[in-house]
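Asks: Sequence:
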Amino acid sequence: ILVAQQVDSLECALVFTGTNHFGELGSSVKQHLTGYCGFDQVHAGYRDEVWQLSDHAIWPQVTKKLAKCSGVRCVGHSLGG
44 ILVAQQVDSL ECALVFTGTN HFGELGSSVK QHLTGYCGFD QVHAGYRDEV
94 WQLSDHAIWP QVTKKLAKCS GVRCVGHSLG G
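Just so it is clear: in the sequence shown, position 42 is 85 by the numbering used here, and no numbers are missing.
Please keep in mind that the hints were generated in silico from the structure rather than gathered at the bench.
Check the hints yourself; a few may be wrong.
[Unchecked claim] Pair ranges (Cβ atoms, derived):
no.: 1; residue 1: His75; residue 2: Asp51; range: 16 to 26 Å
no.: 2; residue 1: Asp51; residue 2: Asp98; range: 25 to 35 Å
no.: 3; residue 1: His75; residue 2: Val50; range: 30 to 40 Å
no.: 4; residue 1: Tyr79; residue 2: Lys108; range: 29 to 39 Å
no.: 5; residue 1: Ile101; residue 2: Cys80; range: 17 to 27 Å
no.: 6; residue 1: Thr77; residue 2: Val50; range: 26 to 36 Å
no.: 7; residue 1: Val118; residue 2: Asp83; range: 15 to 25 Å
no.: 8; residue 1: Leu53; residue 2: Trp102; range: 19 to 29 Å
no.: 9; residue 1: Gln74; residue 2: Ile44; range: 18 to 28 Å
no.: 10; residue 1: Ser97; residue 2: Gly61; range: 12 to 22 Å
no.: 11; residue 1: Thr77; residue 2: Asp51; range: 29 to 39 Å
no.: 12; residue 1: Trp94; residue 2: Gly114; range: 18 to 28 Å
no.: 13; residue 1: Asp51; residue 2: Gln95; range: 25 to 35 Å
no.: 14; residue 1: Trp102; residue 2: Phe82; range: 24 to 34 Å
[What the hints assert, rightly or not] Below 16 Å or equal to it, Euclidean Cα-Cα: the simulated EDC-like pairs (lysine to aspartate or glutamate) are:
no.: 15; residue 1: Lys111; residue 2: Asp51
no.: 16; residue 1: Lys107; residue 2: Glu54
no.: 17; residue 1: Lys111; residue 2: Glu54
no.: 18; residue 1: Lys107; residue 2: Asp51
Here a beta-carbon is modelled for each residue, glycine too, at the ideal position from N, C-alpha and C.
Work out the full structure, taking the sequences as your base and the hints as a guide.
Replies: Here it is, written out as structure tokens:
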């Protein structure tokens, strides 16, 4: 996972890698939209990845960076899109 921030607008991208192992296949094949954290039309694969990351040791570092963003877009490769 990578957090990239545009210097001018402070908008961020939460960047996911492609499917790295069989255990991630479930998130990769989900192509439907769902709700998450008060947002509608969230890609279910990205929602699942963020949800799993919230239990990971790196999550406090990620949220610290995201708190400095004016907006966040989730992007990546192979999570169903």
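Asks: Give a verdict on every hint.
Replies: Now the hints, each set against the structure:
1. At about 34 Å, the beta-carbon gap between His75 and Asp51 misses the expected band of 16 to 26 Å.
2. Against the hinted window of 25 to 35 Å, the Cβ-Cβ separation of Asp51 and Asp98 comes to about 34 Å, which satisfies the hint.
3. Roughly 35 Å separates the CB atoms of His75 and Val50, a value that falls within the hinted 30 to 40 Å.
4. For the hinted restraint 29 to 39 Å between Tyr79 and Lys108, the CB-CB distance of approximately 19 Å leaves it violated.
5. For Ile101 and Cys80, the Cβ-Cβ distance of about 19 Å falls inside the hinted range of 17 to 27 Å, so the restraint holds.
6. In this structure, Thr77 and Val50 meet the distance hint of 26 to 36 Å, their C-beta atoms being roughly 32 Å apart.
7. Between Val118 and Asp83, the C-beta spacing of about 19 Å keeps the proposed range 15 to 25 Å intact.
8. Take Leu53 and Trp102: their Cβ atoms lie about 21 Å apart, and the range 19 to 29 Å holds.
9. For the pair Gln74 and Ile44, the beta carbons lie near 21 Å from each other, so the given range of 18 to 28 Å is met.
10. Distance hint check for Ser97 and Gly61: the Cβ-Cβ separation is about 21 Å, which falls inside the suggested range of 12 to 22 Å.
11. Taken as a hint, the range 29 to 39 Å holds for the pair Thr77 and Asp51, whose Cβ atoms sit roughly 32 Å apart.
12. Distance hint check: the CB atoms of Trp94 and Gly114 are about 20 Å apart, consistent with the given range 18 to 28 Å.
13. Between Asp51 and Gln95 the Cβ separation comes to about 32 Å, which falls inside the hinted range of 25 to 35 Å.
14. In this structure the hint that Trp102 and Phe82 lie 24 to 34 Å apart at CB is violated, the actual value being about 18 Å.
15. This hinted pair checks out: Lys111 and Asp51 have alpha carbons roughly 13 Å apart, not beyond 16 Å.
16. Using a Cα cut-off of 16 Å, the hinted pair Lys107 and Glu54 holds, with the two alpha carbons roughly 14 Å apart.
17. Restraint check: the Cα-Cα separation between Lys111 and Glu54 comes to about 9 Å, which is no more than 16 Å; the hinted pair holds.
18. With a C-alpha separation of about 19 Å, the suggested pairing of Lys107 with Asp51 is violated against the 16 Å cut-off.
In the structure shown, a violation is registered for the earlier hints numbered 1, 4, 14, 18, in ascending order.
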